[in-house]
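Protein chains in written order, with the numbering used here: chain A, 0 to 644; chain B, 164 to 378.
Hint data in this document are derived by calculation from the structure and do not stem from the laboratory. Do not rely on the hints blindly, as some may be mistaken.
[Stated by the list, open to error] In silico BS3-like cross-links for lysine-lysine, where the CA-CA straight-line distance does not exceed 27 Å:
(1) B/K319 - B/K303
(2) A/K311 - B/K222
(3) A/K26 - A/K39
(4) B/K319 - B/K197
(5) A/K601 - A/K588
(6) B/K222 - B/K198
(7) B/K303 - A/K311
(8) A/K415 - A/K478
(9) B/K197 - A/K311
(10) A/K238 - B/K222
(11) A/K147 - A/K108
[Unchecked claim] Among the chain A residues that face chain B by a calculated CB cut under 10 Å, a handful are:
(12) P282
(13) R294
(14) H304
(15) S309
(16) T375
(17) G377
(18) S381
(19) M450
(20) R453
(21) A455
Glycine included, each C-beta is placed from N, C-alpha and C at the ideal position.
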Amino acid sequence: MSSKSTPATPEGGIETSQGSSNPLSRKLNKILETRLENDKDALEALKALSTFFTDNNLRSRRKLRGDIERRSLAISEQFADAFSVVTDQLDSINQDVEAMNNSCQDMTKRLELARDQTSDLINKTTDLQKEGQRLDMRARVADAFLAKYQLKPEEARVLRGTRDGQLQENFFHSLTRIKQIHNDCKVLLRTNQQTAGLEIMESMALHQETAYERLYRWTQGECRSMTGDSFEVTLLHCKAMEALQDRPVLFRYALDEFGTARRTAMVRGFIDALTRGGRGGTPRPIELHSHDPMRYVGDMLAWLHQASASEKEHLDALLRLASAQSREEEIQEILSHITEGICRPFKVRVEQVIVAEPGPVLLYKLTNIHKFYRYTIGQLLSKEASLLATLEEMEEFAQKVFFNALNVKASKLVDKVELPPADLGPTGSLTQTLSLLREILTSHDSSVVSMDTRQADFAKILGCVLDPLLQMCSLSASKLNPSDMAAYMINCLYAMQTTLSLYEYTDQRLEMLEAQVDAHVDTLVNEQASFVLTRVGLLQIYSIAQQHLTTEGPLSSVHGMDSSSVRDGINRFDSFLGSPDSFTMPQIKLLHSTTVREKIHKRAVALICSAYELLHTAINHPANDYTEPGSIVKRTPDQIKSLVS
Amino acid sequence: MAAGPYNYSYIFKYIIIGDMGVGKSCLLHQFTEKKFMADCPHTIGVEFGTRIIEVSGQKIKLQIWDTAGQERFRAVTRSYYRGAAGALMVYDITRRSTYNHLSSWLTDARNLTNPNTVIFLIGNKSDLEAQRDVTYEEAKQFAEENGLLFLEASAKTGDHVEEAFLDTAKKIYQNIQDGSLDLNAAESGVQHKPAAPRSNQLNTDQQPGKEGCAC
């Protein structure tokens with residue numbers, strides 16, 4: 000139908016030119032021109048037709064249309080059936096979708112509603128969260144603050160301590176913390192947190208006080224228990240002393256407590272060493288040697304020295320952490336205190352020894368050993384220590400008793416003067432005293448005292464002994480004739496000289512003695528010379544010749560000076576020249592010192608020679624009117640000199 | 164730790180004896196300072212030094228009394244033997260006279276110390292081999308006859324110095340261990356510091372009484 004109404008088709012265009020006049024022919028043409036083999040629809044239709052149009056008969060030809068329509072109907076019905084299911088299903092889907100849609104819309108509405116309702120809440124939550132964070136931050140700040148400015152519970156617990164008063168290692172850590180906090184508070188005070196700062200400071204101060212109190216109690220108790228021979232200075236003790244330094248009063252008290260404990264211990268140790276000795280008796284108790292004063296006192300002093308050294312070590316150990324400046328002074332002070340206790344028992348014993356007067360030599364040795372230990376122990380203790388004072392006191396006491404003993408001996412010498420023996424040698428008391436002096440000076444040599452003190456001591460001792468000795472000698476010599484006296488004195492002085500010359504620091508005394516000897520030597524020289532001249536009968540001639548003045552006229556005219564008398568004398572003088580030794584005075588032979596003897600001899604000879612020379616000159620002088628002077632004095636003075644010397 | 168060397172359990176007291184000039188003070192100085200003192204002055208009376216050593220894991224403080232060798236100090240030094248746990252007897256291997264005097268030193272040491280005192284013979288100046296005057300064998304035999312420990316040492320080079328002091332301490336410690344040295348004796352020359360654990364914690368038994376005490 001459509002082709003009829005559309006003449007604009009190409010075929011139609013062509014056909015209009017040929018047969019537009021005849022629609023039938025056009026139609027026919029069209030049919031004829033239709034090429035069935037190209038028409039797929041037609042082919043399909045024909046194929047389908049062939050399936051059921053199997054018998055080409057009339058009936059079938061007639062009924063073809065019906066058949067086709069029937070078939071078409073059937074197919075349509077089938078189609079309709081099939082589709083009705085689909086429709087049903089679609090319907091149901093549609094329903095579902097609508098239901099979904101409804102519920103979705105419902106939900107949306109409800110969500111919107113809910114959102115409207117919760118937005119407020121959310122805002123609030125956000126706010127709260129922010130607030131929470133802020134608070135969290137503050138909490139952290141606060142925690143940090145607390146950590147810095149407050150003690151942790153366990154720290155506080157450590158400071159409070161346990162019931163039994165024990166001190167734990169971390170006590171000092173806590174104590175440092177408190178101090179740190181206290182210091183840190185000063186920073187707080189500079190900020191606007193002054194109240195907090197003040198409060199914390201206050202509470203820390205409180206903590207600190209209790210802590211120090213406790214520390215002191217503990218240290219006090221510890222120190223008090225250090226009374227044994229052996230005790231340990233632990234690190235804890237040292238730390239305690241170090242910490243206590245911040246509280247000088249408590250520090251001092253604790254040290255005092257230590258000092259008292261050690262003082263007791265030292266006294267006990269001393270008494271034990273004196274009376275008990277070691278277990279089983281070795282080493283033997285010191286008092287066992289009390290019969291030997293030197294050993295007894297020496298052992299005690301050595302014990303004191305060693306104990307002082309040990310105590311010093313203990314103190315050094317205890318205060319090793321304490322700052323250096325306070326240390327030396329404190330140590331010395333406490334050391335003085337510790338060693339003070341020993342003074343009395345020591346002093347009592349030494350006094351006993353000294354009072355028993357063991358003789359000057361021992362007393363002197365005791366003085367010196369005290370002197371030595373005063374120096375030795377003085378290197379450990381300060382000058383103010385009473386132990387040193389006691390040592391000095393004992394030294395002075397021993398020295399006093401020593402000099403007393405010497406003085407007593409000396410005054411006995413003077414009181415009971417012995418007569419000089421016939422040989423004019425030193426008396427028994429002199430030799431005894433000198434041997435005592437020798438013993439004293441020798442013991443000094445073995446002592447351990449410094450040079451200066453030794454020199455001063457020597458001077459004093461020599462004064463103490465020699466002066467009375469000299470006095471005694473002079474007294475006992477007073478009844479003798481001059482020659483005997485001179486010889487006796489020379490012998491005594493010589494004995495003193497030989498004793499002294501063995502020791503140092505005696506030069507001055509020796510010089511003095513030498514001078515005295517010289518005086519007596521002069522006497523003896525004169526005596527000897529006059530002795531010789533008397534023996535040969537020239538003494539008077541010599542003295543006249545000596546005193547004669549030329550104004551009195553010639554010497555030969557003086558009475559007793561005539562040629563024959565003079566010649567006689569000179570001739571007798573020859574006998575002296577023959578054997579000079581037989582003309583020596585007996586006193587000179589008794590002299591102990593050969594040097595002095597020779598000296599006297601020489602000087603006497605010189606004196607005699609000069610006398611001869613004087614006579615020789617006088618006789619040969621023409622004014623003296625001697626006839627043949629050469630026959631009177633045959634020898635020249637030089638000849639005489641060479642003969643006798 | 165600064166306090167380390169102070170924690171010791173025992174104090175041993177030593178005495179060093181021997182003739183003048185054998186090097187007693189030098190040995191002590193070498194031991195305590197680990198240095199040789201070239202021109203050492205004569206000791207006046209006695210001097211002392213300390214050092215802490217370790218024996219079998221125990222810290223021991225040695226308190227060493229160095230005596231003067233000069234004869235004139237004999238009376239003084241004699242008093243220091245009392246209560247020594249160890250005696251170091253020194254002679255000079257280059258001077259025979261110092262060796263010959265040993266028997267008198269030994270007599271002193273035996274008489275004045277307790278029977279447990281460990282006596283150690285030291286032949287000093289072993290660095291002067293060329294000038295040797297006393298043979299090692301001879302001194303060794305002397306030591307054995309008298310039951311002494313013996314070493315030749317040199318204070319100058321430090322050779323065997325440490326050993327001499329340590330061996331003495333070991334012997335003393337051994338005596339303590341086998342009970343022949345009685346620590347409770349007043350003058351054993353050894354002081355025992357009671358408890359090493361006390362270095363951290365106090366003895367509880369000392370405390371209770373003190374706590375309540377208000378002073």
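Which hint numbers does the structure go against, in order from smallest to largest?
-> 7, 11, 17, 18, 19, 20 and 21
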